[in-house]
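2 protein chains.
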Amino acid sequence: MADYQAPLRDMRFVLNEVFDAPTLWSSMPKLAENVDPDTADAILEEAGKIAGGVLAPLNREADEQGSKWNDGEVTSPEGFKEAYQTIVEGGWNGLGGNPEFGGMGMPKMLVAQFEEMMQGANMSFGLAPMLTAGACLSLNAHGSQELKEKYLPNMYSGVWSGAMDLTEPHAGTDLGIIRTKAEPNGDDSYSITGTKIFITWGEHDMAENIIHLVLAKLPDAPAGPKGISLFLVPKFFVNDDGSLGERNSFSCGSIEKKMGIKASATCVMNFDGAKGWLVGEPNKGLAAMFTMMNYERLGVGIQGIGAAEASLQNAREYALDRIQSRAPTGAQQKDKAADPIIVHPDVRRMLLTMKSYVEGGRAFSTYVAQWLDISKFSDDEEQRKHAEGMVALLTPVAKAFLTDRGLDTCIMGQQVFGGHGFIREWGQEQLVRDCRITQIYEGTNGIQALDLMGRKVVASKGKLFELFAADVAKFIQENSDDATLRPYLESLSAALERLDDVTDAVLKQAEETPNAIGAASVDYLDLFGLTALAYVWARMVKAAAPKAEGDTSGFYTGKLKTARFYFDRLLPKTVSLAEGIRSGSDSMMALSDEEF
Amino acid sequence: MADYQAPLRDMRFVLNEVFDAPTLWSSMPKLAENVDPDTADAILEEAGKIAGGVLAPLNREADEQGSKWNDGEVTSPEGFKEAYQTIVEGGWNGLGGNPEFGGMGMPKMLVAQFEEMMQGANMSFGLAPMLTAGACLSLNAHGSQELKEKYLPNMYSGVWSGAMDLTEPHAGTDLGIIRTKAEPNGDDSYSITGTKIFITWGEHDMAENIIHLVLAKLPDAPAGPKGISLFLVPKFFVNDDGSLGERNSFSCGSIEKKMGIKASATCVMNFDGAKGWLVGEPNKGLAAMFTMMNYERLGVGIQGIGAAEASLQNAREYALDRIQSRAPTGAQQKDKAADPIIVHPDVRRMLLTMKSYVEGGRAFSTYVAQWLDISKFSDDEEQRKHAEGMVALLTPVAKAFLTDRGLDTCIMGQQVFGGHGFIREWGQEQLVRDCRITQIYEGTNGIQALDLMGRKVVASKGKLFELFAADVAKFIQENSDDATLRPYLESLSAALERLDDVTDAVLKQAEETPNAIGAASVDYLDLFGLTALAYVWARMVKAAAPKAEGDTSGFYTGKLKTARFYFDRLLPKTVSLAEGIRSGSDSMMALSDEEF
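Sequence order for the protein chains is A and B. With the first letter of the first sequence counted as 1, position 150 gets the number 150 in UniProt numbering; the numbers rise by one all the way through. With the first letter of the second sequence counted as 1, position 59 gets the number 59 in UniProt numbering; the numbers rise by one all the way through.
The set of hints was computed from the structure by calculation and includes no laboratory data. Be aware that a few hints might be false.
Claimed, not checked - Computed spacing ranges between beta-carbons, pair by pair:
hint: 1; chain 1: A; residue 1: K49; chain 2: B; residue 2: R455; range: 43 to 53 Å
hint: 2; chain 1: A; residue 1: D71; chain 2: B; residue 2: T39; range: 19 to 29 Å
hint: 3; chain 1: A; residue 1: P219; chain 2: B; residue 2: K49; range: 53 to 63 Å
hint: 4; chain 1: A; residue 1: T329; chain 2: B; residue 2: D321; range: 49 to 59 Å
hint: 5; chain 1: B; residue 1: R424; chain 2: A; residue 2: S592; range: 31 to 41 Å
Using N, Cα and C, we set each Cβ at its ideal position, and we do this for glycine too.
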């Protein structure tokens, strides 16, 4: 198995050459005070060392060991405590955090690269900082000044970790029907009782304290999603001097046996009159949760790319090393018993598909992160509004499309290994098992597609879609004289028109029946994602083309050739997706239960 | 998790109503003496009981336990020995075997249904009878009368099991470079030395003896695939009176830790001057192996359907049971907190996609089995030749397309469960892990695609393809007046024309460069499989339509509606595949190693 190497070269290309992040950063004073190109570069470099040198080497053995539960205590796999300490010492948990409370205030465009490295090197581990950062986001956005001062500094540092407690056995997608109760204690606290499941790193031995953000219902709460409140429930109470006090009355009842991310603990949490404090307003807990959702969902999309990158690295090394059969055009390495399998067109097809999705996915997630940064840091309200629209539209695409292609890529990377890919020691099967969860949690990919199609596209009557379409159209327009780009822009233009037509078609279908939204949603998200990747691939061609001549590293010429492959082989999938969507919902809705 | 129920209703529909197997069987005297409709039906019924009652209940716990290796001995999971005994007592191992040596001589069309049940209920277990049946096929086709008499009866009964020893650490796809040696002993035996890997059930405790068929090279053998011979190497020698003698000098060095099919032992076998006997002619071992390949490869395709059927059963039950959110058109079950998730269009899309592939796959594999039966049992040489051509063409499609769609279906079934699908107790994640191997072993799906595109389509200059195209065209022609069928036949006709055009296009591309074959192969196989499934779905419509009126069970009306879904939503994928293939091999071949 190849050692994981952080893809710093490509990350720098995307940040600096494709999206010119430094110029964007310096244009926004709130960001310019936190980041400059040298700082960003040093962060990438150091993150790469931790990912490759600390986290990746633990990945396989930790999967074998798993987290262990014993009488309410969870022991993390060997090496995790020490690795977590490295994260704490570097302040990595607070990379994107609010500087007022000890965060580093870095742009998401940069944080995204750190996340990709960490998740690509060791997804089970990476979930701990990821969940903590998510909890910090909610707390920072909605918590009282008192709560923020009390909890955020130790969470940004990572001395305390965070957990998000949403799901219950009977309530996953449908959080409106949760049963966990919060009774007022008469002071500023509440007494929380109920059972939560699927709580990632809800209990463990890596941090001194674990701060749970728990969804629960107040006694007088209205039914459904508008009656849910959010509470901060610490494992250990925090005294006024900041020291830790008694243990709160909740505990981890068990951890799940699962397909992958086995080194991470997925906890059943039993709250038995645990003391908690309200975050944000009563009955507005779901809204408070959704503040961090865009970041978390992009983060999950990035997990997909991270796993896919690791799979690509392994597969590429294996394809160059493993000799088997001869090239179709005749022996390439006559001194050996066979040629390296990278000579075979079908192996190249697999590697190029992987490369197309990984590098395209990285560029796309950075593009989405750019809009998150503008929405947060810009001084211009109109610009912020526009960016918020883009974020709302593109986040479900990033989450679902990148994790769907992430799994495809991991499976393909496993396939390159033949039988060896099925064996644990090569690491490829673990990437498949780990990556699979990314399509499921943080809102299944089906739910992402409904969010895109229903809440974003149809609910805005296509207005949000037009923001994206205008951005692509502008790029096409601005580069129409560029001879190198022309063939790509023609295909991109056709794909955009197709997506536009299908969007109109679904808007019309939805006037007839609300079932049209769910019938179109998953295929529509795929179609959207493929078109969005074509856009960022065209932007990569624009950035790479001037440097391709005389490029001896192969980096820029490889980019151009991979783009060609993407447009030739993968973008055509949009044609079929469009045709399927146009057929509407009738063929899905026609069956009675017995007919299934 | 749903209890596995053998899909007998659908199997009978496919056998009797779609392909009218009884008429075919009675038309071939060699088959008519072995099978009649009542016998076939009793076999299905009994097989269903064993699959659902004996094999399925062991499946999950066996996965947890795995097979265990200790000092060369392999202990199978709890209950496997007893289950194996049930298979022995029923003579199931020899269902398709040669009656001259104790087999039952049943047609593959029927055996295929048995295989699907066994593999769907418990794939790890099912591999033991499957490998034994495969070994019997080779031995029956190529072994001397003496070897057949000595070994086949106990293998057909299952008292002894069989194993196939092909792969070596450095030689998987490329068997031409194996290193295992066979030295003549001076009598009729040979001394075999070498290491084989990935040997399924190469060692275990379920049978009294294990008969290995081992590929090795004679001292004077030419290099490459034409210098490989096949040897029968028993674990225990067999005395002339049929009793077991001493143990042969080979052993199981270890078993693999792997992603799935964990209950089955995947063995490293070390042959240390083990005594073996030649099967077939010297240096013609690969050819002897390929005799059984068509059966085994169809069998692997059927494993894909089996796992997919199990996943569909679980997902359907869960979708009817799990309540979460409300239907887009308003609450359906107002007395409950939410509606069953089967009301959601996207859940229905998943279930219908699964159903389309499972039922279409079952019909397609039975169609391929029909050609295997004709090629084996027909008295008419021309008919046999024609059937052999069909088998040669369709086998790689059955193996790869059905396992690719098998994995898709298992993943989709897991997705229906949301987070619960990732947890071991629901069984869905095991189906994904188990099914994954079917795309890899018995020739990876990439190799199947090369076989189809290169050895079958291009090497025959399209002649083999025309056999299939003519069969489809004949069906379209014969039913052109049928009003119910018309819309399906129009789509089928267009798909066939598309496949035909693409076939011509690749034949032309291949004249320019041999890389065209590998560049097109995987997408071509997909395109072929989708078209073939459209054909069998049209045949199912023809069989179901006359019975749909007044059908209160939902079986026939469900068939018609699923067909509609397939043609609306899945068949359109052919359009994109065709477009991708037409772009040729340039975009794949353009990159240097560094550019990847």
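So, going through the hints one by one against the coordinates:
{"no.": "1", "hint": "A:K49 x B:R455: 43 to 53 Å", "result": "49 Å, holds"}
{"no.": "2", "hint": "A:D71 x B:T39: 19 to 29 Å", "result": "59 Å, violated"}
{"no.": "3", "hint": "A:P219 x B:K49: 53 to 63 Å", "result": "54 Å, holds"}
{"no.": "4", "hint": "A:T329 x B:D321: 49 to 59 Å", "result": "56 Å, holds"}
{"no.": "5", "hint": "B:R424 x A:S592: 31 to 41 Å", "result": "33 Å, holds"}
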